[in-house]
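Top line first, the protein sequences correspond to chains A and B. So the first sequence is numbered by numbering that gives the first Met the number 0: it starts at 0 and just counts up by one. So the second sequence is numbered by numbering that gives the first Met the number 0: it starts at 0 and just counts up by one.
Hints are computed from structural coordinates only; laboratory data are not their basis. Careful: at least some of the hints might be erroneous.
[As the list claims (entries may be wrong)] Pairwise CB distance ranges (calculated):
| id | chain 1 | residue 1 | chain 2 | residue 2 | range |
| --- | --- | --- | --- | --- | --- |
| 1 | A | A197 | B | A682 | 33 to 43 Å |
| 2 | B | Y302 | A | P350 | 21 to 31 Å |
| 3 | A | S343 | B | S827 | 48 to 58 Å |
| 4 | A | S343 | B | A560 | 26 to 36 Å |
[Unchecked claim] A short, non-exhaustive set of chain A residues, derived as facing chain B with CB atoms under 8 Å:
| id | residue |
| --- | --- |
| 5 | A44 |
| 6 | P48 |
| 7 | G57 |
| 8 | Y59 |
| 9 | R86 |
| 10 | T88 |
| 11 | N89 |
| 12 | D102 |
| 13 | P103 |
| 14 | G104 |
| 15 | N188 |
| 16 | T226 |
| 17 | P364 |
| 18 | A461 |
| 19 | N476 |
Here the structure is a predicted model, which means the values were calculated and not measured. The beta-carbon is built from N, C-alpha and C at its ideal position, and this holds for glycine as well.
One-letter residues, chain by chain:
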Amino acid sequence: MNIIFKEIGRTKISAVALAMLMSISSCKESFLEAVPETNISDVSAFDTPARVLSQVNGIYGSVKNGNFLGGRYPIYNDIRAEEFVNRTTNNVTGYATYQGNQDPGDTYIGNFWTQGYLTINRINLFLEGLAANSSKVDATLATQYSGEVKFIRALTYFSLVQIFAKPYVLDKAGPGLPLRLKGEVSTANSELKRSTVAEVYDQILKDLNEAEAALPDDYSTPLLRTTRAHKNTAIALKTRVLLAKGDFAGVITEGNKIVSATAPFKSSTRVPHALQADVVSVFRAPYTSTESILSFPMADTNSPGTQNQLGYYFNMGNLEYYLNNSGSGILASTKWPASDDRRSKMISQDPKIGFYPTKFSNVSPFLDYVPNIRYAEVLLNVAEAEAEAGSTARAQALLEAVRNRSDASYKFGTLDKAGLIDAILLERRIELLAEGFRSNDVLRRGQPLNSFGAGALIQPTAANYIYGIPLTEQQTNPGL
Amino acid sequence: MRYYLFIFCLFCSGLVLAQDKSITGTIKANDDGSVLPGVSILVKGTTTGTTSNADGTYQINAGANATLVYSFVGMHTKEIVVGNLSVIDVSLMSNLQELSEVVVTGYAVQKRTEFTGSASTIKGKGISERPVQSFGQGLTGQAAGVNITQPNGLLNNPPVIRVRGLSSLTLSSFPLVVVDGIPITADNVSDNAATNNPLGDINPADIESIDILKDAASSAIYGSRAAAGVLLITTKRGKTGNAKVSIDSWAGISNAVRIPEVLNAQQYMDHKNGAIANALALNPNAVGAANRDSQNRSFLPSYNADGTMIDTDWADFIYRTAFSQNHNVSLTGGSEKTSYYFSAGLTDQDGFLKANSFQRRSARLNMDHKATKWLRLSFNINYNNSMNKAPASGSNPGGAFGSSGLGRLAMAQIPNLPPYNEDGSYNLENNTIGRKNNLLPAQFSNPATLIDLDKNTSENNRLISNLGAEFTLMPGLTFKTTYSWDRRNTEEIRFWNPYNGDGFSYQGDAYNRFQRADNWNWINTLAYNKSFGKHNVGVVLGTDAQKRRTTNWGAQRQGLADYFFTDFQGNFGTNLAAGNGITQVSYLAYLGSVSYNYSGKYFLSANYRRDGNSALSEDNRWGNFGGVSAGWTISEEDFFKSSNLNDVVSSLRLKASWGRVGNGNVSNAYGSYSTFGSSLYGAAPTLAFNQAGNKDLKWETSEQTNIGLDVSFLNDRITLEANYYNKNIDNLILDVPQPPSKGIPENRILANVGSMYNRGVELGITAVPVNKGNFSWTTNLNFATNKNMVTSLVNDNTPILTNTSGLEATNITKVGYSAAQIYGVVTSGVNPANGRRIFNRKDGTQVQYMHLGGANAWTTLDGKAASSASNQQQILGNTLPTWFGGFNNTLKYGNFDLGLNFTFSGGNYIYNGSRAGLLDQRVWNNSVEVLNAWKTEGQQTNIPKAIYGDNISNGSAFLISENVEKGDFLRLQTATLGYRFPASAFGKTGITGLRIYASVNNAFLWTKYSGVDPEISTNGDSNLASGIERNSIPQARAFTFGLNLSF
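Start from the sequences and build out the full structure, keeping to the hints where you can.
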């Protein structure tokens, strides 16, 4: 008996020892290997042409983020000025900015910077990766892709420099933005000083010129030509940048590449941009007319995100802001008669709250494409440059093209140079209402900002004329 | 040893019969009147002794002059002089936690007299009688050095538990929780408004004891995850003897306490209209012309049908008197070979917040079986269903600023508006409550729709099971293998109604998520224990492997096709994927420990563990941890025994330990990888850089030294345990902040930078001041100090700033200070000359603020334009308590028992952010404090002139020192009065014991803190944003009545 037990004991010991050894050896490294299953490793991000294209789309997706150009950026540019009245006193939806009380610690203003630079870093990494993986992509496509992302880098830097630096016309030698042109993946290179405003503009124009050369003439579908950059897109953006720079001759030169000399104004090269007969149709599905040079697409599965949607702020999504129908508000202007389609067809009224724009008619799930560059803007850019430094006759013709499309009977009469410029600027307020132009249009001309929320003019000398560099950057970048 | 003694006793007892008489009796536990088998009965000064039988009876022979000594594990030893008695019934009092004789130390059980680390043992009994959802909530004040905070009154909101202070900055500081051997996760698993603490799946009634390992030498055996201490939960097991049935039930009510006092309708209208007049004088656009009447009033009364003015007490509408009940039945018993514990539990608790509830149904079977002389099997299986339900309360981490948070609405909703219209429909306007006669719109949702129509649930179905086998290979050598499996399926349902609240802009939103958490653990240990004369040696070798895999999937549906539908299963216009994810973490460890003692006087032990963690980079995923400890039981020395001291001091021991443990609770399971995430641009698939990984990521480690003294006096009637600890944490894994301009996703990279320490002393005194006749009083006082200090970060100039709910900058962690200091602008009251708040700039100069002042909003005190003080933040106070403890008393008189448990804590500051909101001059309702707002020149007050829309002067836009308060408090946590029916009352019913009790939880609170409760943590378990109160619901006061019945 005793012997048998001992036998069993020994067997057990052996079995146990074996089991322990098994548990040790079978585990080892493979047991501790846990790799991400829902993300793709950086080492394989350029492995296939499809992934490279996905990265290009990812960069568009990055700049169109609801915290940036796909939502809050245009919204904040509109609510800072005189056109809108706040309804909800909610700091999460821009109340402090509306009141001219914005602070460098403001999360949402910080997001412009963060999302903007995230996009820039993604572009820088992409350009470096594209160079390192040239064998994996067709050369023509590689050129096109580099043009597309450089276009977006220019758009991003321009969007940021307008709000975080003093306007070019006021202080071009003043502090602009840190110019990041190399990809960052580590803790190194935190320190970087701000380049001057002029240096930032130089980089923007350099990128746009290179993009113009590299971009395709057109895409295969209206959707692609509206949502991805082609040559005309880069040219159109140049008219905006040069206008902000006060380079009126430059605006005219670039503008002439895509605007005919006389009415009817259209682009005779590449994509045939032109104003659409019905202004409302530009803002309705499928959003891809030739007037929309660049718009950011939205879909059920790719919406702007909570409290970032145009229809949430300016329409019945939540009607955070309604139109100022008094004093300085454009809605109160006698130069915008009821016969204008933009007034009769794109302004509505809530009996308890007031007037609001229906340009962005979608409420949840907020699928309106967010326009960034429209042909109407290009025409007004060229008109302003012509009025300032070129042909006032062409300027007025361009202005009338925009106005009479929506109000065929409207007559401007004879305007002197100053009157013409005023009329063009007023037309921008009407035509581009709620599209995110208002405060940048005031700032680029170095004028005081008429803040309805502050109940006062914010002078160009005031700290709150522009946004402060976000606190998170101040705390981590000693080079500023 | 004990075994030989027993044999020896038996041998002796046969020799000394002679002149002694026979004494019989029954031994019972004083606590519950249950019979105690196995109690040792010894004639003092002799070796004569016996043990009690399975029914608690005993028989012993002793002379009239003899003294009988009754002793039993976990009970106070009792001595009785025989005299002329022949029947001696004894009731033994249970030892308080510190006195229990064994410590579960992970992979082994040690006698407390041989244990040289630092650990506290808490009995499960007291916890199961409290109206809590998880056992952690019941540990408050029970163990020295363990600080527990209940974030607020939301049911099953995970408590914040800190063992010897903050143990990390980025990683979890929550202790490792091990239930019967298997480590289980402890974070809130819900992603909707219903908090779901997975520890709530453990029925507190099933818990036998909780051992808290505090020093590193003890916890090092759990190497990889022990940096924050270890909570070892041991569930009840069967006892040999006749089957015993216990029924434990309680029922009770709870209410919200310390609700802020706000303006009623008339006060509100008067105050706000006054503020509007002040605002219009400064800015004619402050309130639109359409939003005020001819007298510039915006807030006007509305009336009920009966003509009375509408005056809604929103706190009264949102909170309620809630009913809760809890029932538990257990059956235990066993033969020599097989023992079992079976229990079934039901708890059904309603929160004082309407629509908040917690239900748990659970069953457990624990069995032990001695299959052969060399094989023991143990088997546990536990199945639970827990259902958490809550409306949006704003009280879950991240929810503080929701405009539908009921905690906030109870304070800030406009009082002159009703929840319902006269026809019974909801009073609504767009996404807010309807304005009625007010001319300005409201800002917040109508609470009625949120309570009635929204749904947030998180339901766990969980199986926790263990199968263990212990082989005795030869005397002293055992091999033990335990496989544990913990499977949690969580279903989360969220429905936001389309009428008002978070679902309004989506026209209804339904989001369901299913979570499957699979967690297994296999431990193999080989243990050898042997005595060679006076040398006692123990060795343990083992391996421990664990894998956790959590997969989530879900969908979100928006845009109700018809408002008839109120469920995910209805028809919606938009269907989105949501809440998807896969996470896997695995751990592998090899461990060993050696312990040695000489003659029960000198103790040495050492342990070592090599740990691998999949969440760290491939090159750095293995870490070496371990500890050593030593003890000297002076009272066992001959010189001590022969000295006079021995009469007073019954035992005296010194101990010291050192150990090094790791913190592998990396929140990101894949932090070492750089990745690209996939999304969409319109309909086109995208890839975008979304994580900058760190290939050098390695273990965060904690080194701890512990020096302790255990001393007991007067035959263990008073015991004292004192410990000093010094815990240094290095290679802190931090989200190193990157300049946003670098474009690193999330602006952070995980890296090992930084260090900090925790130092402190712990004192625990347990005493039986009175034990006479029918009356006894046992008391335990525990007290601990903690000094936390951050000694290095990325660099001295890069502090870590932390937000509350992503919006309000509230905390800073900086070298030279304890973690999570409150960070804000210092204010110096209100300028009596003009009613403006005075702010101090960092350079010491003062500026004042006038809302709507345009270019003159900020001025120096003599009126010159100045720049904003909004960026003049300074450190305002530490948020971690520097001292805390508990004072627990049990008094018994006859069949009555009274328990009084106090907890106290202090040395910390709290940011009362709710007060900032309560003083905000927007449309929100205000605290009655605003009635003291500045009105006339020269007026001395702490409330600035009210200007409508002002969110700066009172700290709503950025944090100001005006709203920072001390957090010291003393609380009567529980007061319980019980009565045990005498055995004679039961006759032949078969009932063996019945006790009834009444209890108050959170009975009294003494504090100068003006917020809802000094025990508050709006940011939950956050290391970096503690000490913040922001719009959370208050704590509950609960009254319960219960009974313990046994057969």
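Consistency of the hints with the structure:
no.	hint	verdict
1	A/A197 / B/A682: 33 to 43 Å	holds (40 Å)
2	B/Y302 / A/P350: 21 to 31 Å	holds (22 Å)
3	A/S343 / B/S827: 48 to 58 Å	holds (56 Å)
4	A/S343 / B/A560: 26 to 36 Å	holds (32 Å)
5	A44	holds (5 Å)
6	P48	violated (12 Å)
7	G57	holds (3 Å)
8	Y59	holds (5 Å)
9	R86	holds (6 Å)
10	T88	holds (5 Å)
11	N89	holds (7 Å)
12	D102	holds (5 Å)
13	P103	holds (6 Å)
14	G104	holds (6 Å)
15	N188	holds (7 Å)
16	T226	holds (6 Å)
17	P364	holds (5 Å)
18	A461	holds (7 Å)
19	N476	holds (4 Å)
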